[in-house]
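There are 4 protein chains.
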Amino acid sequence: MGRVLIIYDTRTGNTEKMAKLVAEGARSVEGTEVRLKHVDEATKEDVLWADGIAVGSPTNMGLASWKIKRFFDDVIGDLWGEIDGKIGCAFSSSGGWGGGNEIACMSILTMLMNFGFLVFGVTDYVGKKFTLHYGAVVAGEPRSEEEKEACRRLGRRLAEFVAIYFDGKKELLDRVRKSPDKFVD
Amino acid sequence: MGRVLIIYDTRTGNTEKMAKLVAEGARSVEGTEVRLKHVDEATKEDVLWADGIAVGSPTNMGLASWKIKRFFDDVIGDLWGEIDGKIGCAFSSSGGWGGGNEIACMSILTMLMNFGFLVFGVTDYVGKKFTLHYGAVVAGEPRSEEEKEACRRLGRRLAEFVAIYFDGKKELLDRVRKSPDKFVD
Amino acid sequence: MGRVLIIYDTRTGNTEKMAKLVAEGARSVEGTEVRLKHVDEATKEDVLWADGIAVGSPTNMGLASWKIKRFFDDVIGDLWGEIDGKIGCAFSSSGGWGGGNEIACMSILTMLMNFGFLVFGVTDYVGKKFTLHYGAVVAGEPRSEEEKEACRRLGRRLAEFVAIYFDGKKELLDRVRKSPDKFVD
Amino acid sequence: MGRVLIIYDTRTGNTEKMAKLVAEGARSVEGTEVRLKHVDEATKEDVLWADGIAVGSPTNMGLASWKIKRFFDDVIGDLWGEIDGKIGCAFSSSGGWGGGNEIACMSILTMLMNFGFLVFGVTDYVGKKFTLHYGAVVAGEPRSEEEKEACRRLGRRLAEFVAIYFDGKKELLDRVRKSPDKFVD
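Protein chains in written order, with the working numbering: chain A, 1 to 185; chain B, 1 to 185; chain C, 1 to 185; chain D, 1 to 185.
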């Protein structure tokens with residue numbers, strides 16, 4: 001069984017909506033167990049349990065929120081060096097397009113890499129002129145079908161990578177590479 | 001007279017359209033002289049001439065194009081250390097939202113900072129859920145009014161900063177700070 | 001009078017030592033008033049007061065500490081959009097070289113740009129194979145002369161840029177550009 | 001057999017020296033086949049062949065060199081979307097500490113993520129105050145034992161991750177996590 005953890009912070013509820021869609025996407029991969037946790041409730045045990053972790057945050061001043069930062073600094077800081085090789089990814093909701101949501105995703109990936117994680121973005125296009133190359137990003141709440149699908153696709157890809165690399169389902173790698181959604185319009 | 005240079009690369013013509021709008025925005029600030037150059041035509045003399053420089057590129061693999069990179073590495077590489085303190089900013093067109101246009105802007109700002117430039121993004125919102133905190137970003141060509149206005153606003157802000165800091169028009173700083181467009185919807 | 005604020009967080013005391021050296025560098029520019037504040041003590045009024053701000057943090061998981069993040073998110077969050085055009089820079093102490101101190105500086109510059117600041121690094125070399133292109137960085141405490149000088153140089157450059165752009169001392173710009181330390185060995 | 005490709009650009013020969021050490025580290029993992037290629041000689045077929053790829057560049061203006069950029073833009077651009085899920089990492093030599101080598105590594109990781117790669121840094125310390133959290137970094141040529149070991153460790157970790165995730169040698173993951181070098185002095 002692949003084990004996927006989704007940790008998120010939320011201010012307006014928008015990032016929480018994204019997190020639920022990421023969870024939905026992860027669950028769509030057969031044999032995946034999913035935990036969905038607000039950053040205030042997530043624990044070291046959750047992180048130790050997971051093979052793959054998606055971390056979401058409102059875009060605050062171009063980076064993850066201070067609560068997400070505190071989680072990595074203080075709550076799981078002493079796991080550092082003991083959890084290398086897990087798989088990680090990011091998602092973020094900003095106030096507007098051009099408001100830093102991609103850069104906030106990069107700040108999350110920076111932290112995950114610091115813990116020795118393998119991190120990724122998704123090459124697929126989930127709609128016209130809409131993708132998630134460095135994590136799922138939305139301005140405001142995920143409302144359109146493509147915004148929702150970006151979140152689901154992130155969770156699905158995370159669960160797929162966990163299935164491929166932790167559960168040995170190598171045949172999935174071909175499916176990932178031959179996604180019908182790999183186009184640039 | 002404030003002197004603003006706009007350098008761009010373009011593959012499909014989208015970034016060139018952005019560049020022309022950035023130039024339009026810069027010209028809207030009284031007393032600003034503007035040069036608009038494709039990266040193949042820009043020279044060292046252009047860079048030496050300018051007080052402020054906006055650099056635009058298609059988002060290619062999440063960064064500026066290799067031609068933009070080559071310009072900084074090879075064409076103006078030996079100006080390094082002699083042009084500190086100029087003002088710089090960035091713009092980029094990606095294939096889709098979430099496709100790396102913000103991160104491509106950051107790669108441009110990284111190069112400009114390496115030359116000792118003062119770099120900036122813009123806090124203003126130019127439409128509903130649309131801003132340019134790390135540079136003007138568009139998916140595809142600038143088509144909607146807010147996409148066009150993001151480009152113009154970037155050029156205008158660059159020319160304003162040049163007028164404030166190089167030409168001593170300090171009164172403009174108040175206008176920048178009290179922009180009616182500083183809201184998050 | 002140029003007004004320079006230095007805000008820092010510190011865990012082991014290393015970043016505090018850097019902060020004091022940054023302050024020393026800023027004071028070396030005639031006509032500069034300097035405030036040095038731990039992040040727990042810095043206030044909105046300090047930020048409103050300053051023309052130039054240097055922000056320092058231990059490198060925690062590749063980014064600024066959560067306390068520095070909380071300062072920008074919560075303490076001065078409602079100044080957003082009203083303090084554009086100030087000048088900012090960064091410094092950071094990591095556990096080791098290659099440990100993320102440059103990337104932590106970039107995370108600080110990201111926040112400062114989000115507030116509309118003009119941000120910069122320094123092209124000068126302050127010793128053999130030692131510079132501060134994205135902010136002053138040290139592994140552990142600033143111990144060698146070049147590590148100390150990197151911190152001082154950052155503060156001095158910040159004060160010089162404030163003098164040039166806020167106090168109209170344009171003649172300093174030539175000095176900045178003709179620094180004897182602009183070499184790559 | 002795990003297949004590891006090392007691609008590098010070099011100006012002074014320093015990054016080439018790093019590349020050879022990375023190759024040496026990769027070969028130290030039993031059952032690993034290694035290809036070492038200058039960017040001018042690397043081909044699409046090399047990239048298709050590899051399970052894991054380390055990319056090295058001189059730090060040029062804070063990013064990878066334009067030749068490395070051109071390789072991703074033009075030489076292998078049409079593999080985009082067909083090589084997802086490979087494992088990637090970065091290394092860079094800058095003129096000095098604080099000169100952008102970490103940020104150049106991030107620019108390489110940005111490109112690799114854009115291709116759907118899983119990218120990583122290394123938590124291990126390879127000497128006193130010396131690590132490679134975002135890739136192996138050196139100022140000038142790799143001369144000290146810790147600088148050399150950083151390069152070797154990067155290659156070894158890449159080969160270990162390839163062995164774990166592509167060849168199913170799960171027992172290696174424990175060894176990675178219990179490295180005696182995971183300390184902060």
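By construction, these hints were calculated from the structure, which means they are not laboratory data.
As the structure is a prediction and not an experimental result, all values here were calculated from the model.
Accuracy of the hints is not assured; some may be wrong.
One copy or two, either will do: identical chains are not told apart, so a pair holds if it fits within one copy or between any two.
[Unchecked claim] The calculated lysine-lysine pairs, modelled on DSS-like cross-linking and capped at a C-alpha distance of 25 Å, are:
(1) Lys37 / Lys20
(2) Lys44 / Lys182
(3) Lys169 / Lys128
(4) Lys170 / Lys128
(5) Lys129 / Lys20
(6) Lys169 / Lys129
(7) Lys128 / Lys37
(8) Lys182 / Lys37
Can you give the numbers of the hints that this structure goes against, from lowest to highest? 3, 4, 6, 7, 8
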